[in-house]
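**Q** Sequence:
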Amino acid sequence: MTLSLGLLLIGILGLSCLAATISKEQQSALAQPFIQTIKYRNLVIDLGNGLKTNAQLTLPAVGKGPFPGVLLIHGSGPTDKNETLGFVHKNGPKPPTPFWQIAQYLSERGFAVLRYDKRGVGANSTIINSNVWGNATINDLIQDSKKALNVLIQQPEVDPKRISIIGHSEGTIIAPRVAIDNSTKVKNIILMGTVALSTRENTHNLDVTLPSEYATQVLDKNHTGLISIQQIAKDPVLKNYFVPPSVLLTNNIKVITNALVKEFGTNDSISIEKQLNPLLIKGYENLTAFNLLKCNNFEPCPVWLRSAFSLIPTLSIIGNVSKSTGILILNGDNDSLTPVQQAFLLQQRLTEVNHPDHTLITYPNLGHVF
Numbered sequence: 001m002t003l004s005l006g007l008l009l010i011g012i013l014g015l016s017c018l019a020a021t022i023s024k025e026q027q028s029a030l031a032q033p034f035i036q037t038i039k040y041r042n043l044v045i046d047l048g049n050g051l052k053t054n055a056q057l058t059l060p061a062v063g064k065g066p067f068p069g070v071l072l073i074h075g076s077g078p079t080d081k082n083e084t085l086g087f088v089h090k091n092g093p094k095p096p097t098p099f100w101q102i103a104q105y106l107s108e109r110g111f112a113v114l115r116y117d118k119r120g121v122g123a124n125s126t127i128i129n130s131n132v133w134g135n136a137t138i139n140d141l142i143q144d145s146k147k148a149l150n151v152l153i154q155q156p157e158v159d160p161k162r163i164s165i166i167g168h169s170e171g172t173i174i175a176p177r178v179a180i181d182n183s184t185k186v187k188n189i190i191l192m193g194t195v196a197l198s199t200r201e202n203t204h205n206l207d208v209t210l211p212s213e214y215a216t217q218v219l220d221k222n223h224t225g226l227i228s229i230q231q232i233a234k235d236p237v238l239k240n241y242f243v244p245p246s247v248l249l250t251n252n253i254k255v256i257t258n259a260l261v262k263e264f265g266t267n268d269s270i271s272i273e274k275q276l277n278p279l280l281i282k283g284y285e286n287l288t289a290f291n292l293l294k295c296n297n298f299e300p301c302p303v304w305l306r307s308a309f310s311l312i313p314t315l316s317i318i319g320n321v322s323k324s325t326g327i328l329i330l331n332g333d334n335d336s337l338t339p340v341q342q343a344f345l346l347q348q349r350l351t352e353v354n355h356p357d358h359t360l361i362t363y364p365n366l367g368h369v370f
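According to the working numbering, the stretch in the sequence shown is residues 1 to 370, in order.
One thing to keep in mind: the hints can contain errors.
Mimicking BS3-like on lysine-lysine, the simulated pairs with C-alpha atoms at most 30 angstroms apart in a straight line are [as the list claims (entries may be wrong)]:
{"#": "1", "residue 1": "Lys64", "residue 2": "Lys94"}
{"#": "2", "residue 1": "Lys239", "residue 2": "Lys94"}
{"#": "3", "residue 1": "Lys146", "residue 2": "Lys39"}
{"#": "4", "residue 1": "Lys221", "residue 2": "Lys282"}
{"#": "5", "residue 1": "Lys221", "residue 2": "Lys234"}
{"#": "6", "residue 1": "Lys64", "residue 2": "Lys52"}
{"#": "7", "residue 1": "Lys185", "residue 2": "Lys146"}
{"#": "8", "residue 1": "Lys282", "residue 2": "Lys234"}
{"#": "9", "residue 1": "Lys262", "residue 2": "Lys52"}
{"#": "10", "residue 1": "Lys185", "residue 2": "Lys262"}
{"#": "11", "residue 1": "Lys234", "residue 2": "Lys274"}
{"#": "12", "residue 1": "Lys187", "residue 2": "Lys146"}
{"#": "13", "residue 1": "Lys254", "residue 2": "Lys94"}
{"#": "14", "residue 1": "Lys147", "residue 2": "Lys323"}
{"#": "15", "residue 1": "Lys323", "residue 2": "Lys161"}
{"#": "16", "residue 1": "Lys262", "residue 2": "Lys221"}
{"#": "17", "residue 1": "Lys64", "residue 2": "Lys221"}
{"#": "18", "residue 1": "Lys39", "residue 2": "Lys52"}
Pairwise CB distance ranges (calculated) [unchecked claim]:
{"#": "19", "residue 1": "Lys274", "residue 2": "Ile253", "range": "22 to 30 angstroms"}
{"#": "20", "residue 1": "Ala123", "residue 2": "Ser336", "range": "50 to 58 angstroms"}
{"#": "21", "residue 1": "Ala289", "residue 2": "Tyr105", "range": "37 to 45 angstroms"}
{"#": "22", "residue 1": "Arg109", "residue 2": "Gln275", "range": "51 to 59 angstroms"}
{"#": "23", "residue 1": "Asn42", "residue 2": "Pro66", "range": "15 to 23 angstroms"}
{"#": "24", "residue 1": "Leu85", "residue 2": "Asp159", "range": "29 to 37 angstroms"}
{"#": "25", "residue 1": "Glu285", "residue 2": "Pro95", "range": "28 to 36 angstroms"}
{"#": "26", "residue 1": "Phe34", "residue 2": "Asn354", "range": "45 to 53 angstroms"}
{"#": "27", "residue 1": "Val218", "residue 2": "Arg306", "range": "31 to 39 angstroms"}
{"#": "28", "residue 1": "Val62", "residue 2": "Val237", "range": "42 to 50 angstroms"}
By construction, these hints were calculated from the structure, which means they are not laboratory data.
Even glycine gets a Cβ: it sits at the ideal position worked out from N, Cα and C.
Starting from the given sequences, assemble the full structure and let the hints guide the process.
**A** Structure below.
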């Protein structure tokens, strides 16, 4: 027996004895030591006109490739390369970072994955250049994705003949357009939380239809058509439609209630049909009249919104994706932001044009971020 083998056996025996005396949590920690399974390289993408943004390429820890490449395209709003969702609190729980999770998962299984910050956006989805971000159009974001695609293809570890794009939410608007204009470069597109209809239709759904149905189905438990101001003030969803962000951030129920009383003109119960719905419609009309003068973290930027409203719906262009490009559509059945019916429409259109390689998978009980 060699010394090294003997020491290894002693170590194994020692751990076996130790395992009998420690907790399950401690055993789990010992059983799962850190082993590096991926490596990464930080990159800078030149977006043109003097603009640059940070990106990161993740790779399998072992091997030189070439690996199949994947480009991740984020959802709407100021979003970083990890698609960090929600506010980052110093002492609170970390917000979800789905793109980091996807990149890690895929690179551990043999893919090279490129993620990038949106223009004007930095770590933790923070706006670092309000002028750049505030003037970004949907077409700017499409062009940025095309530049990111070319950067991915240029990496020496990436196989340029095996390139896929994963788009989430707004990314499902962008990914098909990038694929159409780069049919010889893109082998597959994966659409998660799919947007098929126009931005105007989706905005109406989010700002009018959804909150109205929520009030009726969730808050109006007695089916009277009435809900109280106090119900709205305490509800984590509905109050966001009627209370200014500065008031919401106080997290003071009395202050929030007073704001609602001022908004509805009463502190009694209100009619969903005659009082709540008209205010929802008014808010939608104000937003779509582009009365917002500048960006904030709570409403779409007016420049982006104007450009998105003028964009042809994805349902109208999805049939132009090359028949040599595979299309995978993924949607949660409980997605309220991009309802699963939009995924059905895309599938129907692809069937209509006889696209030979498209698949739809729906996930029961899952929402927009799966």
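**Q** Could you check the structure against the hints above and give me the numbers of any it violates, in ascending order?
**A** Violated hints (numbers, rising): 1, 9, 10, 17 and 20; every other hint is consistent with the structure.
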